[in-house]
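Spelled out, the chains give:
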Amino acid sequence: MLTVDELKELKDIVGQEWVKDDLPTRDAYSIYYNSSSLNKEDKLWTARPAAVIMPKTPKEISELTKFCNRKDFMLKPFSTGWITSSAPGSRKTILLDLKRMDKIIDIDIKNQIAVVEPYVRAIDLQSELWKHGLNVHAVSCGGNHSILASTAAAWGYGITGASMGYQARNMLGVEWVMPSGEILTLGSPGDGAEWFSTDGPGPGVRGLIRGFQGTFGGLGTFTKVGVKLYRWDSDPEYEVHGGSPKYVLNRELPNLGVFILMFPSKKQITDAGYKLGEAECNYSDFRMPAFFIALGFTDNNLELKQLWSTGVFPKLARYVLTVCVHGHSKKEYQWKVKALKQIVKESGGLILPMQQIPLAAFDIVKPFFKMFKNPLKLITRIPFIQEITDMMKTSEEMRLKLLTTAFFILVRHANNSQGGFRASSGMFTSVGAFDTWDMGFEQADYIAGVKRPAIEKGLILDDGGDLGSGGTFDFGHLGYIEGIGEYSTNDPESRKATKAIVEESLHGTIERSLGLPIAAFGGPMNQLFGPHCYNYHEMIMKIKAKLDPNSSYDSWTYSGASEKAFPDEKEGYTFF
Amino acid sequence: MSYPELKSLESDIATCFRCSLCKMVPLPVFKKQEFSNICPINSHYMFHSYSASGLGYMALALSEGRIQADKALADIVFSCRTCGYCDMACNFIMESKRNEINMTLRETLVREGLAPEEYKRTMQNLKDTGNPAGLTHTKGGDWAAGLNLKKLPEQKADILLYAGCLTRYDKNALLSARKMAKLLLHAGVNVGILGDDENCCGLPAHWMGFKDNFTALAEKNASSFKGAHVKTIVTVCGACLGTLKAKYPKYGINTGIEVLHGTELLERLIEKKKIKLTRPLNLKVTYHDPCYLGRQSEPQEEWKGEERTVFGQMKYTVPPRKINYGTGGVFDPPRAILKSIKGLSFREMYRIREYSHCCGGGGGRAEMYEKMSLEAAKDRIKEAREVGADYLVTSCSHCKAQFEKASSDMGNDPISVLDIIDIVFQAADID
Ligand SMILES: Cc1cc2nc3c(=O)[nH]c(=O)nc-3n(C[C@H](O)[C@H](O)[C@H](O)COP(=O)(O)OP(=O)(O)OC[C@H]3O[C@@H](n4cnc5c(N)ncnc54)[C@H](O)[C@@H]3O)c2cc1C
Ligand code: SF4
Ligand code: SF4
Numbered sequence: 000m001l002t003v004d005e006l007k008e009l010k011d012i013v014g015q016e017w018v019k020d021d022l023p024t025r026d027a028y029s030i031y032y033n034s035s036s037l038n039k040e041d042k043l044w045t046a047r048p049a050a051v052i053m054p055k056t057p058k059e060i061s062e063l064t065k066f067c068n069r070k071d072f073m074l075k076p077f078s079t080g081w082i083t084s085s086a087p088g089s090r091k092t093i094l095l096d097l098k099r100m101d102k103i104i105d106i107d108i109k110n111q112i113a114v115v116e117p118y119v120r121a122i123d124l125q126s127e128l129w130k131h132g133l134n135v136h137a138v139s140c141g142g143n144h145s146i147l148a149s150t151a152a153a154w155g156y157g158i159t160g161a162s163m164g165y166q167a168r169n170m171l172g173v174e175w176v177m178p179s180g181e182i183l184t185l186g187s188p189g190d191g192a193e194w195f196s197t198d199g200p201g202p203g204v205r206g207l208i209r210g211f212q213g214t215f216g217g218l219g220t221f222t223k224v225g226v227k228l229y230r231w232d233s234d235p236e237y238e239v240h241g242g243s244p245k246y247v248l249n250r251e252l253p254n255l256g257v258f259i260l261m262f263p264s265k266k267q268i269t270d271a272g273y274k275l276g277e278a279e280c281n282y283s284d285f286r287m288p289a290f291f292i293a294l295g296f297t298d299n300n301l302e303l304k305q306l307w308s309t310g311v312f313p314k315l316a317r318y319v320l321t322v323c324v325h326g327h328s329k330k331e332y333q334w335k336v337k338a339l340k341q342i343v344k345e346s347g348g349l350i351l352p353m354q355q356i357p358l359a360a361f362d363i364v365k366p367f368f369k370m371f372k373n374p375l376k377l378i379t380r381i382p383f384i385q386e387i388t389d390m391m392k393t394s395e396e397m398r399l400k401l402l403t404t405a406f407f408i409l410v411r412h413a414n415n416s417q418g419g420f421r422a423s424s425g426m427f428t429s430v431g432a433f434d435t436w437d438m439g440f441e442q443a444d445y446i447a448g449v450k451r452p453a454i455e456k457g458l459i460l461d462d463g464g465d466l467g468s469g470g471t472f473d474f475g476h477l478g479y480i481e482g483i484g485e486y487s488t489n490d491p492e493s494r495k496a497t498k499a500i501v502e503e504s505l506h507g508t509i510e511r512s513l514g515l516p517i518a519a520f521g522g523p524m525n526q527l528f529g530p531h532c533y534n535y536h537e538m539i540m541k542i543k544a545k546l547d548p549n550s551s552y553d554s555w556t557y558s559g560a561s562e563k564a565f566p567d568e569k570e571g572y573t574f575f
Numbered sequence: 000m001s002y003p004e005l006k007s008l009e010s011d012i013a014t015c016f017r018c019s020l021c022k023m024v025p026l027p028v029f030k031k032q033e034f035s036n037i038c039p040i041n042s043h044y045m046f047h048s049y050s051a052s053g054l055g056y057m058a059l060a061l062s063e064g065r066i067q068a069d070k071a072l073a074d075i076v077f078s079c080r081t082c083g084y085c086d087m088a089c090n091f092i093m094e095s096k097r098n099e100i101n102m103t104l105r106e107t108l109v110r111e112g113l114a115p116e117e118y119k120r121t122m123q124n125l126k127d128t129g130n131p132a133g134l135t136h137t138k139g140g141d142w143a144a145g146l147n148l149k150k151l152p153e154q155k156a157d158i159l160l161y162a163g164c165l166t167r168y169d170k171n172a173l174l175s176a177r178k179m180a181k182l183l184l185h186a187g188v189n190v191g192i193l194g195d196d197e198n199c200c201g202l203p204a205h206w207m208g209f210k211d212n213f214t215a216l217a218e219k220n221a222s223s224f225k226g227a228h229v230k231t232i233v234t235v236c237g238a239c240l241g242t243l244k245a246k247y248p249k250y251g252i253n254t255g256i257e258v259l260h261g262t263e264l265l266e267r268l269i270e271k272k273k274i275k276l277t278r279p280l281n282l283k284v285t286y287h288d289p290c291y292l293g294r295q296s297e298p299q300e301e302w303k304g305e306e307r308t309v310f311g312q313m314k315y316t317v318p319p320r321k322i323n324y325g326t327g328g329v330f331d332p333p334r335a336i337l338k339s340i341k342g343l344s345f346r347e348m349y350r351i352r353e354y355s356h357c358c359g360g361g362g363g364r365a366e367m368y369e370k371m372s373l374e375a376a377k378d379r380i381k382e383a384r385e386v387g388a389d390y391l392v393t394s395c396s397h398c399k400a401q402f403e404k405a406s407s408d409m410g411n412d413p414i415s416v417l418d419i420i421d422i423v424f425q426a427a428d429i430d
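As they're listed, the protein sequences go chains A and B. Each residue of the first sequence is one higher than the one before, counting from 0 in numbering that gives the first Met the number 0. Each residue of the second sequence is one higher than the one before, counting from 0 in numbering that gives the first Met the number 0.
A few chain A residues facing chain B, derived, Cβ under 8 Å:
#1 D26
#2 G141
#3 N299
#4 F407
#5 G457
Since the hints were made in silico from the structure, they are not lab data. All C-beta atoms in this analysis are idealised placements derived from N, C-alpha and C, irrespective of residue type, glycine included.
Take the sequences, apply the hints, and build the full model.
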């Protein structure tokens, strides 16, 4: 409990109206995405924060940090607060909600760097950048996430990673309120901006504070980030028609096309992924699991049931890669499309026509699909099948509808969460490491096996097992496929089963050397994975101890439960 | 303390995954950061508690007994303008019940006696005078003096023109209502009014969470509407339209009578050339979609069917339950009317139709939350200015009054606010 004097001190720093310690507000900050995964009683609630504060400036944050250096409280900063790692780890945690810091400070067109504050959402920045012929990497949760958070503080894998890498690589400069309260600037935010500081010699400090996964608010507050930008040579804006939930592009965008590539086997899709990267013709790509494709074809769960029950999708759409091709000029675009077509041909795949297939058609082809184990293998062997497929015509509106769906997923980050949540009420993630593109599919196969018993008992959604979603990164040098599942947020048995799957998969990842999963952060996970990965957990603990000796920042998602936390807050959890 | 109404919504609250999309325009139609936020309370107070998601979590906390029904909670809950955007936004992602959660929470607090004193006074006014402001300087039917409109139910007419209480008692708004009546008479429409017997539609009671008072008023109104034996009720004010068309049925009150907004009827009359917009108007205008004429007027269809489960955890309904996306509101008629006026240059704002930005004037006793509610209106005026409009046109007496108030407070950059009826009246050149 903050005392009256302590509250006054906090209010003096940021202003009366920006400190809240009433119970309703604190409870409004005690639930996050899948936060039941942290609650021992299987409820949605996390620890209730001691207060919630909305600072406006780095200086205020510095003062608040100094306060926590002196007192028995900790800070936990977040930008949008969407993901559970934003949650307070302790009742002694004061949350810093950075929503008031929402400025795009600079767009340096020449050097392709943007400088932003924490509450600049990916779509805020992207919309401005397009006007200047530039673009930014955004992570797959959607355009409503914070660019600063994904760049400086947490994960950072997204669909445009094929050409824009992963977000840690895009962090060019950062302004950091350190756990001591000092404000440090690193790297450079671009031409004409406020600072330039070289990094080194010795270990890179940017690496130290960003690392592989991020510090998740456990090691100070990032107040500005300079993020690397990429080119955008299409329209600065687009118009849509229609209404919620189906907004449709008025027309195709120049130098931009979306292709749905289908392959009969894992080997063929992975080979094609490498070749597409080598030719640099994938601006963004997404391995779309069969169940999600079926979901995208339908408007409600009744239709989805009918479609998925035909059994066509798991056989036809097991290895699908949707690819966005973008050229800096018309000529380059045409060349890339030609290259893509050639690669698909050489890899034995098929480019699906942009065509809405009537639900009834699936019933007609059902018997054929039942007869063969891998009907796509047969289909792709039909002479001139691609040419025949290409001749299939559809109405302009229909084409636009499909193009829009793909565009919103692959380029605009505008409907990903919508895509994922309709079938059941919740989605969990398990394995999924940033590694080779091949490894991604191995993980997908592995998690499909782990999910199977729960699927058979009806405890989680029967999505066919494989909901591995992700894509290539750095033009095929890396890949990432996340082992997703869908569960019911309202069914305790479903939640329990989900927890068990995630736990099993984490151990399985180690036994099978499947790489560091997205869940590998925070105390218990670091303890689990660290010994198998250069003892990185020890390094993290040392960094934390050195830079934050007074535990001014709540570190449950970084180095583990903070010293200041209550004993009951130091127990383990399973994060999904 | 147990709250069964909230308890029954707990599983719906739990589906909220804190994406904050209820605070901003739908991602596919996003254009500009400056005009991207929509929830007026969140834009002003900023804290997550001031959002549909936060309200939901606090409702859950109350239901589970983690927090008490107290003033701290009431202060947050009653600030919500009940604009309904969050419901539409969340339905974009999933089948949700954000509106119902918001309303149930405030209705719960009202039952607990936590409604602000000003709200209680408004309810008393409604009871005593038939209008929320408690005005007695004129009688309900005075606005139509000298127009020779038929008096229902004593006389017979096809259409009941329903002015609404803000329109009846506001000196500017009643002029628009008079123009509407004149336009209808000019077009040969067989129209009548309830005169002094016209009551408030009840929206203020609904806004403020006085469920019982709202349903009682609605039932009373429904009975006088039925007694008028008309084919159609036409509302002058956008807020009344949403109440009669969507909220009455939602609370189980059905009149069986077609309900239209004035703009819908005007559009038809213009199309049939019963009203000719001959006079060119060289105006640069934009149009503000009022919440209760727009997304909140989409009726919620009563769903009768079965919920089933398949694939272990996938729920589906037979027949599929219709999700309210707010797209079924009155959006096209006002635009069609404006676009048909010669010389008029029409431009759209960024937050339109089902994702329109609230004027801040709804939700009950907006003056209690003056800073926030005026900020919402000013933000909207800035948006109108940004798209190059000199006139902000709307079709709801509440929105118009709110914009006028905000504009007069904007010093060097006010905007002219017009009711669409005034524009049609000018263009029709009938006087
Ligand atoms: C449905 C869903 C799907 C997702 N998919 C992906 C995905 O595909 N790839 C991926 O990389 N991530 C994914 N995420 C995780 C995460 O949301 C993202 O990594 C995102 O980049 C973080 O942005 P945010 O707005 O959610 O940040 P927030 O929720 O605000 O914060 C995320 C973390 O960063 C910390 N943080 C935020 N701001 C600061 C700051 N200013 N200073 C210090 N620390 C800070 C917070 O404490 C928190 O731990 C997903 C999340 C969801 C909910
Ligand atoms: S109410 Fe809906 S839109 Fe708002 S945060 Fe929750 S899930 Fe997202
Ligand atoms: S109804 Fe409007 S004001 Fe209230 S929470 Fe929803 S969006 Fe915000």
